[in-house]
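S.K.: Okay, here's what each chain looks like letter by letter:
Number of protein chains: 2
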Amino acid sequence: MMAVVIHNACLLPIDDVMSVREDGWVHVEGDAIAAVGTGPAPCPDGAEMIDAGGDVVMPGLVNPHAHLPMTLFRGLGEDVDDRLFRYVLPMERKFVTPEMVRVGTLLGAYESIEGGVTTIADMYYFEAEVGRALDEAGLRGVVGQTIADFDPPDHKTVDDGFRLVDDLAAAFAGHPRILASIAPHAPYSTDVPVMARVARWADANPGVPVQIHLAEMDSEMEWCRKHHGLRPVAVVEKAGLLRPGLIAAHCLYVDDGEIERMARADVRVAHNARSNAKAGRGIAPVEAMRAAGIPVGIGTDGPMSGNTLDLFSQFGPVSMFQKLLGHSRKPMPAREVIRMATLEGARVLGLDHRIGSLVPGKKADLIRIDLSAPRTQPIYDVYATLIFAAMPSDVRDVMVDGRWIMRERQVQTLERKRVLRDAGQIAATFKAEMARIDGAG
Amino acid sequence: MMAVVIHNACLLPIDDVMSVREDGWVHVEGDAIAAVGTGPAPCPDGAEMIDAGGDVVMPGLVNPHAHLPMTLFRGLGEDVDDRLFRYVLPMERKFVTPEMVRVGTLLGAYESIEGGVTTIADMYYFEAEVGRALDEAGLRGVVGQTIADFDPPDHKTVDDGFRLVDDLAAAFAGHPRILASIAPHAPYSTDVPVMARVARWADANPGVPVQIHLAEMDSEMEWCRKHHGLRPVAVVEKAGLLRPGLIAAHCLYVDDGEIERMARADVRVAHNARSNAKAGRGIAPVEAMRAAGIPVGIGTDGPMSGNTLDLFSQFGPVSMFQKLLGHSRKPMPAREVIRMATLEGARVLGLDHRIGSLVPGKKADLIRIDLSAPRTQPIYDVYATLIFAAMPSDVRDVMVDGRWIMRERQVQTLERKRVLRDAGQIAATFKAEMARIDGAG
Chain Z
1 MMAVVIHNAC LLPIDDVMSV REDGWVHVEG DAIAAVGTGP APCPDGAEMI DAGGDVVMPG
61 LVNPHAHLPM TLFRGLGEDV DDRLFRYVLP MERKFVTPEM VRVGTLLGAY ESIEGGVTTI
121 ADMYYFEAEV GRALDEAGLR GVVGQTIADF DPPDHKTVDD GFRLVDDLAA AFAGHPRILA
181 SIAPHAPYST DVPVMARVAR WADANPGVPV QIHLAEMDSE MEWCRKHHGL RPVAVVEKAG
241 LLRPGLIAAH CLYVDDGEIE RMARADVRVA HNARSNAKAG RGIAPVEAMR AAGIPVGIGT
301 DGPMSGNTLD LFSQFGPVSM FQKLLGHSRK PMPAREVIRM ATLEGARVLG LDHRIGSLVP
361 GKKADLIRID LSAPRTQPIY DVYATLIFAA MPSDVRDVMV DGRWIMRERQ VQTLERKRVL
421 RDAGQIAATF KAEMARIDGA G
Chain V
1 MMAVVIHNAC LLPIDDVMSV REDGWVHVEG DAIAAVGTGP APCPDGAEMI DAGGDVVMPG
61 LVNPHAHLPM TLFRGLGEDV DDRLFRYVLP MERKFVTPEM VRVGTLLGAY ESIEGGVTTI
121 ADMYYFEAEV GRALDEAGLR GVVGQTIADF DPPDHKTVDD GFRLVDDLAA AFAGHPRILA
181 SIAPHAPYST DVPVMARVAR WADANPGVPV QIHLAEMDSE MEWCRKHHGL RPVAVVEKAG
241 LLRPGLIAAH CLYVDDGEIE RMARADVRVA HNARSNAKAG RGIAPVEAMR AAGIPVGIGT
301 DGPMSGNTLD LFSQFGPVSM FQKLLGHSRK PMPAREVIRM ATLEGARVLG LDHRIGSLVP
361 GKKADLIRID LSAPRTQPIY DVYATLIFAA MPSDVRDVMV DGRWIMRERQ VQTLERKRVL
421 RDAGQIAATF KAEMARIDGA G
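Those sequence lines, one after another, are chains Z and V.
Counting in this note's numbering, the first sequence runs from 1 upward without gaps.
Counting in this note's numbering, the second sequence runs from 1 upward without gaps.
Any given hint might turn out to be false.
[What the hints assert, rightly or not] Dumping the calculated DSS-like pairs for lysine-lysine here, alpha-carbon to alpha-carbon at most 27 Å:
no., chain 1, residue 1, chain 2, residue 2
1, V, 94, Z, 431
2, V, 226, V, 238
3, Z, 330, V, 431
Simulated from the structure, these hints should not be mistaken for laboratory data.
One chain only, chain Z, in its complex shape (with noise of 0.2 Å):
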């Protein structure tokens, strides 16, 4: 079994005080985490050992939201207001195929591990696409397939979407890395006798996370109350899926007895700022949510919504949009918006006895950071020069599962050229459709 010890690091276990550990080590033995310490730190028989040389060396990030295939849409019709219905739904429907979601999780997949992310909960369609592209990375991942009633472009029919998870749960079953997952896209787009049947689902596979986006705009307000009198939470409510570890994505549109109910559910949430302000919809009450003991990672959301992949970018508005919110320097202090990114985030996805800190038994998801660049100096508090002066290309190693999956800013499971060659050929139809629906007015 294979020894890595890292030494001489800036170490950040993330533990109840969010210490940080000068001239820390780490002891990883096959997939998991042996021993943490500081001072000398032991050299076992055959082991790698590694000088960190005063990097941070933390758990790996997780992004509890993303739509790793729409990596390919990243930016198209960004500044065009009705993006959505003018390019977005005819090209996913015309252009969504597993090649195209392999292509595009792929470029994300290279850009999550550029970014020190090592574990990502996805929600698209042909979801079992993902999650081999994922296992091909070498991430970790939680890869959800969407159920919609909107006929989207992989099943017809609900029963159909439902076979697509079974399928997905049985190809995955057992997999070290990658855990299936069933997502109902959304109250206004699946509707309550769907996720009532996906509620029964998931009492019948237990373990298997569920995943919907809930509280995202005005438009599914209206449609709740529209459609049931009721605002979005309610809704998922009375389906019976406002449950034990359900992850909902976005949650602006919530108040203070929604919070409530929620957090005696167990209900996680994934927080998108990017994409909930790109979109000008507004800002979750994050605060608020974990006052109530609701966990909330930082999510990316798709990189057609929120741009990018990594975890650095959303730092800044986690931490300033709370700020905004309180008006007030205090609230979301930077450990805070460390502690959201990793462990956390990873009690959003329901797997926090597994990952998420640096703590023996744990399994080895970890990245070291350089932070020895002007830019990033000097630093009198690790967190906040993470938060607001780190980026995704300060990080220098990623390690998932005990095998290093970056190093020296080379990505080990993935080719480049091939990633990149691949999407280009892809995002070139998509600009020769745009030119075609703007020719066609």
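Go by the hints and put chain V onto chain Z.
M.R.: Structure of chain V alone, referenced to chain Z:
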């Protein structure tokens, strides 16, 4: 005279329609742009020919508001609510010396160059040191000597302050890149008689920019109300300082009438999105100010407030904040953000006749940006990519006044090791002082 031709570029000249010129070239002679075009490039005798390989070539970024020496305070007391009075003011009084200003400016200059910023407007103390350091770095600068009546580190009396301004103006008279400026601190710290004296000084010294902090915070509103029964803009107006070319930083609390008066007075604004949000202060009405005809540039503020000196980390917030204010995806489209960061920023500084766009006759301040990373692909709209996906580390080459100050990510003018070592020594002093303050309770 040295000639450089950069060809095969994705050229963003920053013209009226924000055109994107594929297969573009720019021809530099000496310190100026001789010609720009597309297709086959000229090959003047002895010119350095550079194949940009499809990289973006655009004007250097303009940062209209910074406090470069404060780079040494970056992240200090980040989450401490009373950090201003607990740490910053006592430490500024104790530690701000010409040497500290020199070292902090060099660190900030290094970061600025690496982030593609070619022009910086600074306001701080011992400002002649800032000018000399920016000159050494090869950057373009507007260096503003602060005048304040709170006994700041470099002048005991206002008379002394004006002497520093006179000395500064004399020291950089005729300098090709460094322009002296006078910087009354803010309405609450540079009272009406002093601001009136600044206005008279500015009358006697045409062409010297005036910089001020304006309408930035609650306590300022309260101070102006209490002492003058007015809002900050009116206080500045009363002092005769609401004048053509005034560079007003922040301007969060300005109503429609004030915006109208500022526009009529030909005042310009430096918007500091991250700094304002991190302090929980709010969002400046940038769309409204620009709609009224006020030029608005994108500033970083000091790295104690905004943490970085690159504009890329400001771009997302600048755009998102206006979308949040407008509750729509439409406000502040990507190309407008890039316009603000270049030509409009130059106009804020009164330098738009010399820099800010790639036009024959203007000074050759330009940058080359490599957008080939998986993180920035695919590209449907290069402005969207620059705003929401590009990072400082994507900047490859930087030219100021016809001189390369960064080539292939290597800063040519400053020695990285020395800059970091000197900064580290001063930061160690600051850390010891923080420990002393914390120990003293």
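S.K.: Give a verdict on every hint.
M.R.: Structure-based check of all given hints:
| no. | hint | in the structure |
| --- | --- | --- |
| 1 | V:94 <-> Z:431 | violated, 59 Å |
| 2 | V:226 <-> V:238 | holds, 15 Å |
| 3 | Z:330 <-> V:431 | holds, 22 Å |
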